[in-house]
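Participant: Top line first, the protein sequences correspond to chains R and G.
One point on numbering: in numbering that gives the first Met the number 0, the residue at position 21 of the first sequence is 20, and numbering is uninterrupted.
One point on numbering: in numbering that gives the first Met the number 0, the residue at position 194 of the second sequence is 193, and numbering is uninterrupted.
It is worth saying that the hints were derived from the structure and are not from the lab.
Be aware that a few hints might be false.
Ranges of calculated distance between the beta carbons of each label pair, as one might list FRET restraints [to be verified]:
#: 1; chain 1: G; residue 1: Ser56; chain 2: R; residue 2: Ala34; range: 24 to 32 Å
#: 2; chain 1: R; residue 1: Asn95; chain 2: G; residue 2: Pro44; range: 32 to 40 Å
#: 3; chain 1: G; residue 1: Gln270; chain 2: R; residue 2: Ser102; range: 53 to 61 Å
#: 4; chain 1: R; residue 1: Asn77; chain 2: G; residue 2: Leu71; range: 39 to 47 Å
#: 5; chain 1: G; residue 1: Gly105; chain 2: R; residue 2: Ser110; range: 24 to 32 Å
#: 6; chain 1: R; residue 1: Asn77; chain 2: G; residue 2: Lys219; range: 24 to 32 Å
For each residue, glycine too, the CB sits at the ideal point set by N, CA and C.
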Amino acid sequence: MASVTKEDKKEKWSADLVLDLYSNLLAEIWEIVSALLGESILELIFALAIKKLGDKYPFLALMKVSEEGISLDGLKENCRNMAPIEIHRGFQGLINHLFHLFSALAEGVISRELFPKVLPKVREAERIISQK
Amino acid sequence: MSFEIEEIVESAGTNLPNLFDFSSFGVLWKEGPTLYLYQEESCPPSFTQEVAKNMISVLTILGEESVDVNQLNLQVEKRRLKPKQILMDPQAALKSHLTLPLAAEGEISGCISLNSDQLNAFDAQDLQFFSVIGYQMAATLKHFQRFSSIKNIAIYDTLTNLYNRRYFEERLGVEVKKAFHTGSFLSLVMLDIDHFKKVNDTLGHPVGDRVLYEIGSLLKNSVRKKDTVARYGGEEFILILPDANVEASSMIAERIRRSVEKTSFEVGQAQINLTVSIGISNLPSHRARSKEELVKMADLALYAAKGGGRNRVCVFDSNQR
């Protein structure tokens, strides 16, 4: 039986941390944007963004999106062993695409509300990844 | 664009100026390959083009299937949606917008857009209000779309796209009542394709079906806007011609007969020449006392046309009773 090395533990810990960070971040995006656009349109936009990035980052398809919000439970279970940088890239791609869609719909209106809260957290994720 | 959709859009448009400061309001609605852009009538053409381009791009980004802009048939319909005094500047250019998909049950049927010739004209509160309006509009439009598709199933014959017999009966009831009440003319034209059984037997039912569709189209194109063309059953068609006396309806029927006779129906590899027999009855000329009697009279006249050698028009004669 292979022993769990210190490196493995650190990697797993980082993956969990990145997943938690993005889980909170997406929940925050959901809260802010659903108040502006409504849950049903936001659900549609999230589904489109996930579908768009599905080929490049298949793990994103494990996210559950409904009018109730986003759940990363299934994704967390399956992605613990993924490299944190890969998780980070996938979520970064998703967030960029969401911003692209938001800006197509309402130019800067949504971004203006989102940037102050979301950008620091994206930076935080980048910091965690770069520390590793 | 259907009447119901126009009504909803117009009602939304006239109420929006109370909520937002904007230059124009637009609704882009997809019906098959056609995109309808419904917009404020004072929009200058250049502004309309910018708005259309922007809305189609949003629809493309959000749509699951890629939209080929060159293949689209865009129809712009303009209505007065704002009070007359708030006219648009003819030089206005699109500077900012809010565009939302009209989505119900995960399906996007179009989008709505608030447009302005001012930079940064909209804020988060505008978006909040506008998304509520968009949500309500999408749900209402979806409801009407569903209602209209059920209505279509109930009144149209699926093979020919003509009205079905059930709708014909209803319509005839209304027209007969009107004719009795006002003393106006009403003609009924009953038409049967001669030797149609041979087409089915020799060329097969798919060809027969195609022939029925072609004749149906020919009939639709041969009558006036106020006339009703229906498939009565099998290879029989029936036409309700309000305000048409015997002479006028005979002319229409004769025109149809000649037109069918002259047409070579191309169905697949085959070219078929056909003829039709036609019977006519009329109110008040033939003194029918009910719609059933008027139908019976047209049927007797049709029977006479068949008996007389087919490919002819016969008007009801009281001796046929």
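Participant: Please go over all the hints and tell whether each is borne out by the structure.
Facilitator: Here's how the hints hold up against the structure:
no., hint, in the structure
1, Ser56(G) <-> Ala34(R): 24 to 32 Å, "holds (26 Å)"
2, Asn95(R) <-> Pro44(G): 32 to 40 Å, "holds (36 Å)"
3, Gln270(G) <-> Ser102(R): 53 to 61 Å, "holds (57 Å)"
4, Asn77(R) <-> Leu71(G): 39 to 47 Å, "holds (41 Å)"
5, Gly105(G) <-> Ser110(R): 24 to 32 Å, "holds (25 Å)"
6, Asn77(R) <-> Lys219(G): 24 to 32 Å, "violated (59 Å)"
The structure does not agree with numbered hint 6 stated previously, though it agrees with all others.
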